[in-house]
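So the protein lines, in turn, are chains A and B.
Under our numbering, the residue at position 219 of the first sequence is numbered 219, and the numbers go up by one with no gaps.
Under our numbering, the residue at position 164 of the second sequence is numbered 164, and the numbers go up by one with no gaps.
Since the hints were derived computationally from the structure, they do not count as laboratory data.
Any given hint might turn out to be false.
Pairwise CB distance ranges (calculated) [as the list claims (entries may be wrong)]:
#1 A/Gly30 <-> B/Thr467: 51 to 61 Å
#2 A/Pro134 <-> B/Tyr34: 35 to 45 Å
#3 A/Tyr159 <-> B/Asn133: 34 to 44 Å
#4 B/Gly101 <-> A/Ser79: 54 to 64 Å
#5 A/Val127 <-> B/Pro227: 42 to 52 Å
#6 A/Gln212 <-> B/Pro337: 47 to 57 Å
#7 A/Gln106 <-> B/Thr108: 22 to 32 Å
#8 A/Ser220 <-> B/Pro227: 54 to 64 Å
#9 A/Val127 <-> B/Tyr34: 42 to 52 Å
#10 A/Ser79 <-> B/Ser437: 30 to 40 Å
#11 B/His100 <-> A/Pro183: 36 to 46 Å
Note that CB positions come from ideal geometry on N, CA and C, so glycine has one too.
Here is how the chains run, residue by residue.
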Amino acid sequence: MADKINLIVDGNEIQAEQGKTLLEVAREYGKDVPTICYHDATTANALCRICVVEVEGQRVLQPACIVKAAENMKVQTRSEKVIRSRKTILEMLDSTMDLSEAAEIQVMMKDYEADPNRFPDAERREVPVKDDNPMYIRDYSKCLLCWRCVQVCADDAQYTFAINFEGRGYETQIGTFFDKAIPETTCVLCGQCVGVCPTGALKPKREFLLEQGMSPNEISVLNTGRKRRKEKPT
Amino acid sequence: MTDNHSQLFTAIEPYVPMGRSGLLPALHAAQKIYHWISEETATEISKTLRVPLADIHGVIEFYSLFYNEPIGKRVIRVCTDVACALKNGDEVLGHLCSHHGLKAGQTTPDLSLTIEPSPCLGLCEHAPVALVNDEAETNINLEKDTYELGRPLSWVYGSIRLLTANCGNGTASLEKYGEYTALKKALGMKPEDIVAEIKASGLVGRGGAAFPTGIKWEGAAKADGSPKYVICNADESEPGTFKDRILLIDDPHRTIEGMCIAAYAIGATKGYIYIRAEYPYILPVLETALNEARGAGYLGKDFDIEIRVGAGAYICGEETALFESIEGKRGFPRVKPPFPTTHGVFGKPTVINNVETLCNVPLIIAQGSVEYRKIGTEKSPGPKLFCVSGDVTKPGLYEVPFGVTLRELLDMAGDVANEKKLQSVLFGGAAGAFATSQHLDVKMTFEDLRAAGLPLGSGVVMVFDETRDMRDVLKRLGHFFAHESCGKCYPCQMGTQRQMEILDRIAEGKVLEGDLIRLQDVGWTMTDASLCGLGQTAAGAVLSAMKLWPELFSLESDGLPSK
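Required output: the full structure, derived from the provided sequences and hints.
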């Protein structure tokens with residue numbers, strides 16, 4: 001049995017196991033701390049900052065996904081500052097990308113009364129869909145840069161290193177070496193990136209085609225056609 | 001082609017044993033040959049250093065000064081940041097472009113010339129300026145058609161000359177600098193006594209964060225793990241800051257001696273000087289100085305120093321982003337804790353200090369902390385460098401004891417130029433805050449400035465006269481942070497963009513209802529929730545401007561800022 005520590009969360013004295021993060025502790029006690037980039041299977045990088053909480057004595061808000069609970073810590077999971085940050089982050093996200101398939105974020109928008117039109121003159125991140133392999137499509141207009149795909153492609157899972165980042169800052173996008181098509185990269189089509197994508201930016205090709213209105217039959221023909229072409233010697 | 005490959009291999013061979021950590025030096029070496037990094041070159045580097053292709057692409061894409069498409073043999077980078085804009089930097093860029101028939105950012109078809117705008121080049125006292133390949137083009141005067149090209153001059157003034165004793169007259173050789181007497185004294189002391197002396201001196205970091213240097217050293221000295229590292233942060237990129245440029249080019253041995261003392265105190269065997277790529281003219285000076293120090297036996301036995309050159313990324317001045325950069329990665333800041341003293345570069349105990357901080361070290365050790373503390377005030381002991389630029393009669397580097405007032409400093413600089421009145425002073429850099437004439441009698445110490453709500457930052461004092469359009473100044477600050485945000489955490493990645501968009505619009509006089517609160521929410525979200533110091537300070541100047549001049553951001557129907 002691990003050592004227990006005592007801390008105060010939203011005014012309630014609680015006990016937690018040593019070594020647990022504030023997120024784990026909060027969820028254990030039924031507190032709703034939202035997360036976007038966090039995923040159980042990937043290294044937490046504290047990117048989205050939607051899980052920030054106010055910890056007494058700390059100059060800035062603390063990301064609950066990586067900060068460990070400590071003895072006598074006083075934590076507020078929904079202070080005024082926390083709400084302002086979460087709401088503004090959500091409003092900025094909504095003015096940046098296509099959240100139409102990010103159901104969890106849409107719920108958060110409602111919860112925090114985020115105004116989808118807060119930034120009327122925002123330049124959105126819009127890019128054409130990349131459809132360059134038989135397995136999945138990449139629709140980076142829906143990408144919120146959670147990094148999960150890059151992480152599972154690298155040392156969080158697959159050690160394939162097929163994708164990385166392009167650009168910097170607001171211009172950042174996930175990309176391949178000199179923007180090569182997926183079949184020309186080290187990608188092994190393992191599908192792990194598709195599995196961890198939270199917004200439908202990475203999507204199985206079949207699902208994408210069904211959404212485009214193709215019938216399963218048409219898709220099957222398309223796939224065999226593709227396979228045949230690939231088998232031809234060059 | 002084969003010739004080309006062997007030329008490339010010869011150039012990157014020295015970096016092969018470094019593996020991934022050799023990536024930035026290898027990319028620089030390749031770019032020196034071809035002026036850009038082609039797919040073919042990147043593939044060769046990938047094979048040679050054993051770094052995944054996608055990762056190399058990610059690194060090239062991160063740094064502004066690595067190019068994955070051909071650029072000119074001659075590249076002119078014209079500063080369009082705040083200090084240069086006051087002296088018609090935009091006009092210089094426009095003039096050059098129309099003269100050569102190019103648009104900003106374009107290259108001539110014969111690949112002879114590229115002209116591009118640049119963030120602050122650290123030559124603010126000589127505004128307007130440009131960087132022409134490895135040479136500084138300073139004091140450009142379009143009307144008279146005059147400029148200076150080559151090594152930039154050092155204009156050094158002030159009431160004391162301790163840190164700048166050898167500055168203002170070209171590079172001080174080892175012969176002129178003299179023996180490393182402070183290091184010799186230090187080597188006769190116990191390492192823990194050196195740490196105690198630095199702690200007793202009250203020295204705090206001069207790069208902007210003002211962290212107590214002695215506590216940093218103590219942490220690294222006591223930390224388990226080897227090897228240990230000492231890093232000199234010379235990635236001076238805060239707009240308006242140029243002190244480290246002058247300290248390094250005129251008196252490199254003072255910094256090197258400071259690093260040697262730090263290395264002995266914490267038990268480090270390896271040092272890095274990480275210098276921004278926009279200071280290429282300092283590199284030969286540093287190489288010579290390091291060789292002189294090796295020849296004299298100060299370096300090369302228990303401790304040696306390697307120079308690392310950045311590649312156009314302000315974020316790499318953030319200590320953990322700088323480590324990532326040395327390790328050959330994109331300059332993403334790390335989550336802290338763990339702190340550098342226990343988990344620094346390569347995950348090992350590391351002391352990282354700013355150039356000016358390190359220059360204080362020989363002074364403290366040579367005369368002792370008691371004598372050192374006679375300079376400055378009780379809570380802010382020591383000498384301080386201020387980078388004075390903008391609308392003053394005598395811009396330049398000013399060394400004064402902590403505690404002089406802003407008025408006294410401006411008097412030394414000949415006051416506001418052309419007999420105009422003072423409108424405001426940008427304090428501490430882009431990440432700083434604005435002061436006005438009501439702050440003239442504030443003593444420039446950490447404690448007095450903090451009480452006045454002004455950050456000392458990296459010592460920037462940029463002056464704006466009564467005629468200046470502060471909305472244009474704010475717009476440029478907005479562009480700077482949007483350009484320099486690394487994109488890692490959401491508040492800064494999107495906040496710097498939204499802030500820039502709103503400031504752009506306001507600069508055009510198009511204020512929307514609710515802009516004040518909109519900008520304030522973005523600003524406070526960046527300040528409160530960002531991962532690193534860049535995002536946490538990216539709205540500082542804007543938020544201070546909103547307090548001072550709410551009318552710039554509001555329609556009459558809007559309320560005033562609540563916080």
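Verification of the hints:
no.: 1; hint: A/Gly30 <-> B/Thr467: 51 to 61 Å; verdict: holds (60 Å)
no.: 2; hint: A/Pro134 <-> B/Tyr34: 35 to 45 Å; verdict: holds (36 Å)
no.: 3; hint: A/Tyr159 <-> B/Asn133: 34 to 44 Å; verdict: holds (40 Å)
no.: 4; hint: B/Gly101 <-> A/Ser79: 54 to 64 Å; verdict: holds (57 Å)
no.: 5; hint: A/Val127 <-> B/Pro227: 42 to 52 Å; verdict: holds (44 Å)
no.: 6; hint: A/Gln212 <-> B/Pro337: 47 to 57 Å; verdict: holds (48 Å)
no.: 7; hint: A/Gln106 <-> B/Thr108: 22 to 32 Å; verdict: violated (50 Å)
no.: 8; hint: A/Ser220 <-> B/Pro227: 54 to 64 Å; verdict: holds (60 Å)
no.: 9; hint: A/Val127 <-> B/Tyr34: 42 to 52 Å; verdict: violated (29 Å)
no.: 10; hint: A/Ser79 <-> B/Ser437: 30 to 40 Å; verdict: holds (37 Å)
no.: 11; hint: B/His100 <-> A/Pro183: 36 to 46 Å; verdict: holds (42 Å)
Going through the hint list in order, the structure does not satisfy hints 7 and 9.
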